[in-house]
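Protein chains in written order, with this note's numbering: chain A, 1 to 519; chain B, 1 to 298.
It is possible that part of the hints are untrue.
[Unchecked claim] In silico lysine-lysine, DSS-like type, Cα no more than 25 Å apart, as pairs:
#1 A/Lys504 <-> A/Lys492
#2 A/Lys55 <-> B/Lys202
#3 A/Lys223 <-> A/Lys286
#4 B/Lys142 <-> A/Lys55
#5 A/Lys184 <-> B/Lys52
#6 A/Lys504 <-> A/Lys455
#7 B/Lys145 <-> B/Lys202
#8 B/Lys231 <-> B/Lys111
#9 A/Lys55 <-> A/Lys80
#10 A/Lys184 <-> A/Lys197
#11 A/Lys55 <-> A/Lys223
#12 A/Lys286 <-> B/Lys52
#13 A/Lys197 <-> A/Lys144
#14 B/Lys231 <-> A/Lys55
#15 A/Lys80 <-> A/Lys455
#16 A/Lys267 <-> A/Lys492
#17 A/Lys267 <-> A/Lys483
#18 B/Lys111 <-> A/Lys402
In short, the hints are calculated from the structure, not lab data. Quantities reported herein were computed from a predicted structural model and do not represent experimental measurements.
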Amino acid sequence: MTKAKRTLALLTAMLTAAALVSCGGNKTGSSTPAGTSDPATSTGSTDSGKVVPIKWLTTGDTAAEVIESGDRIVAAINEKLGIDLSVTYVPEGNTEKVNVAMASGDFPDIVTGAYGTSATQGWIDNGMIIPLNDYMANLPDLNKRLSEEYSWTAQDGQFYGVPFITQYSSANALITMRQDWLDKLNLTYPTNLQEFKDVMTAFTFNDPDGDGQNNTYGYTDVKPAGNFTFVFGAYGREYADFALNDAGEVIPWFEDDCFVPGMTYIKDLWDSGVIDPEFMLNDNAKKEEKFFQGQAGAMIGALYRHVTRIESSLQQLFPEASIAYGTPPKGEDGSYGMNLQGKSGMFTAITAACENPDKAAAFIDFMLSEEGNNLVRLGIEGTHYTVASDGSIEYNEEERAKDAFSPNSWAHALAWGTFYWPLESGYLPENEPGRDRALETVELASDAQLPNLVKQKTSADIEYGSACDDVYNQYFSDILTGKYTVEEGVQKLSADWRAAGGDKILEAANEAYKANAQE
Amino acid sequence: MTAHATRHSNKIKTSLGSKIFDVCNIVILGLIALSTIYPFWDSLVVSFSSLKSYLSTNFHLWPGEWSLEAYAYMFGNETLWSSYLNSIFVTVVGTIINMLLTIMTAYVLSKKDLKGHRVIMFGAVFTMMFSGGIIPLYMVIKDLKMMNTLWSMIIPTAISTYNLIVLRNFFNALPQSVEESAMMDGCTEVGVLFRIVIPISKPAITTVALYYAVDHWNDFFSAVMYINEQKKWPLQLFLRSMLFENDMAYASGGESLYLLGQPMKMAAVMMAIIPIMCVYPFFQKHFAKGVMLGAVKG
């Protein structure tokens, strides 16, 4: 008996001790939650002079530095706006957690979730977030973002939040090739589809790596939904999401005139053996790996900040190698295009539980302003950076490391993920390696971006989009491998795509398109 | 068996056909065994390889060029260490609580003469089939002030109904006479549990403890839901977050460890699985026996 009691007592003591020393959470009083500003640093400078707490729940930038207590950027925002900002980042940028928190009634003052989802629509329908219209008149940057850049996001004239659609007006993907292979084969970066085929054929059959073996492919990629767009762009594809028929109705993009000749061209490449036969199994990492290993001479590369990384990874095995990129190949009539305008992104709103919506709106406005952008990207002048006499920026890495700035002169944790990403902002630190090339790729890629016909992501898109993509991928593969002719395939694809929910997607898209046209 | 029969059976055993069959068996089963080990080996080798070495071949049997860069990067990260401590705490304390509560509950419910034991059992089994869902659970955890504490990863899952059933069935199968003789010698019910039942139930208890420990070690979802502060993240959440291939962020030029390459990812995988793998040998002798126990009698 005594032994049993001793065992129980020991276990109880261990648990009690563990509870005391290890994870008392906020009860310990010794830790300040990440992202919470130090009230001592917040003096406040508003009309009322009263510092009000603002709690912000956001997905943010998953890879950003942790905001510690006493962060000078948060303190500067607090002082400027007379608030006491407390930022809670959701691990992994998990929007599901944001949705659960909102559904549970655990309201912050400001919330950031995924744009265009049934969850965020539920916030609007259930009165969980408030319209921003009343605050826009006095807040110029908020007004500009909503009424000029995202006017189509209003519902019955009300703006319920600040959307941020990624790749909305900029892009970074280009066909990336081995420049050293082009040089060796006396070829140049292809400017049209015929030249593209010639280059792919030479990459496949003319031993571009000089090892005497037939072990290379011209082109590799990932699953087709959204890819090979440059081919359809060259055949005149106009929109990223849908197409218009002669009656002015929204139809699936693959029912556009560009699809049959485009698909015929792709099948010709496939039958010629110049496309990596395993491309359907690739993810982005595997695709890049094949390019780095010299198995394929061309791929779609997400460039911009990754230009230097892609080239240096390639040079791991081929020190003399370099990459080439450019405007995608053009069609006979000069048409080109390859990057699809985005429809997904973030949505930041003020909750109905917010006691100081004017302050919350002012904070959002500040984050959208040039002053706010400079603060979270560059820091405080004289502390985190200085401006040299020639106007160039000199970054003080030592001081930046004391606050939540990322290394190598990159921005503060508040800078990205909610209202901006670097690409959409055209931002790179002045000392970023390969900066000029990175910006050049954005210019080229954005020039080849196809706009959406219907700006909104409808609820039918959300519900049936994935299933319809699967249908498209299956038929793309079946046509490529010869199970169906292109003409047969597109007919079956049209029928099955509609049966998988495409008819509902089209119905919603037509409705939205007409509503947009009326506005 | 006669001497003749013995010789005859030996002859059959060692016949050429039998030998060939044995060799084929060994070779085929050996290859299958190797194929199950290879993914682990590949990950281990890649984690110690340089990027150049990794890219130079698709089969990684040995690092062509050794590199500790991936591990140096990981070990240099302070959050990794706090995450390790958090995971160890959740696993150790969580498993102790799990076992204490599960054993006591299972033992009580194994008593046929306990009034209402069927109703209690039904209540437990009901939760297996009909869960309240994530939102009510979130609200309960919030109201209990467990948000942003490691207890949110321990208390809500203190008793797994499945494990409770396994243990209860095991206790049910124990001979009643053993307990009765202990009681006759003056042992109380608690004494019977701790001095008699637990010592003779090691295979089942070890198995259930391992189930609990592995579940705690691998748990990241409850951390995503209930924990915000990075210094309270468990290891799995830290590693997932670090390696999370956020295509949107990547394509838009956001910070992403995507660019660190496969050796870094594999180093993270190794760091996540090796500690819990080290636990298995200590449980091995009980585990094989335990997985079959308690599962056959309702």
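Here is how each hint holds up against the structure:
1. Restraint check: the Cα-Cα separation between lysine 504 of chain A and lysine 492 of chain A comes to about 18 Å, which is no more than 25 Å; the hinted pair holds.
2. With a C-alpha separation of about 50 Å, the suggested pairing of lysine 55 of chain A with lysine 202 of chain B is violated against the 25 Å cut-off.
3. Taking the CA atoms of lysine 223 of chain A and lysine 286 of chain A, the gap is about 12 Å. The hint holds against a cut of 25 Å.
4. At roughly 16 Å between alpha-carbon atoms, lysine 142 of chain B and lysine 55 of chain A fall within 25 Å of each other, so this suggested pair holds.
5. Only pairs whose Cα atoms come within 25 Å are accepted, and lysine 184 of chain A paired with lysine 52 of chain B is accepted, the gap being roughly 23 Å.
6. Only pairs whose Cα atoms come within 25 Å are accepted, and lysine 504 of chain A paired with lysine 455 of chain A is accepted, the gap being roughly 17 Å.
7. A hinted pair counts as satisfied when its Cα atoms are at most 25 Å apart, and lysine 145 of chain B with lysine 202 of chain B does not qualify at roughly 36 Å.
8. For the proposed pair lysine 231 of chain B and lysine 111 of chain B, the alpha carbon gap of about 44 Å is over 25 Å, so the pair is violated.
9. Annotation: proposed proximity of lysine 55 of chain A to lysine 80 of chain A holds, straight-line Cα distance about 16 Å (limit 25 Å).
10. Note on lysine 184 of chain A and lysine 197 of chain A: the hinted pairing holds, with a Cα-Cα distance of about 17 Å set against a maximum of 25 Å.
11. Using a Cα cut-off of 25 Å, the hinted pair lysine 55 of chain A and lysine 223 of chain A is violated, with the two alpha carbons roughly 41 Å apart.
12. The suggested pairing of lysine 286 of chain A with lysine 52 of chain B holds, with an alpha-carbon distance near 15 Å, which does not exceed 25 Å.
13. The hinted pair formed by lysine 197 of chain A and lysine 144 of chain A fails the criterion: a straight-line CA distance of about 45 Å is larger than 25 Å.
14. Among the hinted pairs, lysine 231 of chain B with lysine 55 of chain A is consistent with the structure: their alpha-carbon atoms are about 20 Å apart, no more than 25 Å.
15. Among the hinted pairs, lysine 80 of chain A with lysine 455 of chain A is inconsistent with the structure: their alpha-carbon atoms are about 35 Å apart, more than 25 Å.
16. With a C-alpha separation of about 17 Å, the suggested pairing of lysine 267 of chain A with lysine 492 of chain A holds against the 25 Å cut-off.
17. With a C-alpha separation of about 12 Å, the suggested pairing of lysine 267 of chain A with lysine 483 of chain A holds against the 25 Å cut-off.
18. Straight-line distance between C-alpha atoms of lysine 111 of chain B and lysine 402 of chain A comes to about 62 Å, which puts the hinted pair past the 25 Å bound.
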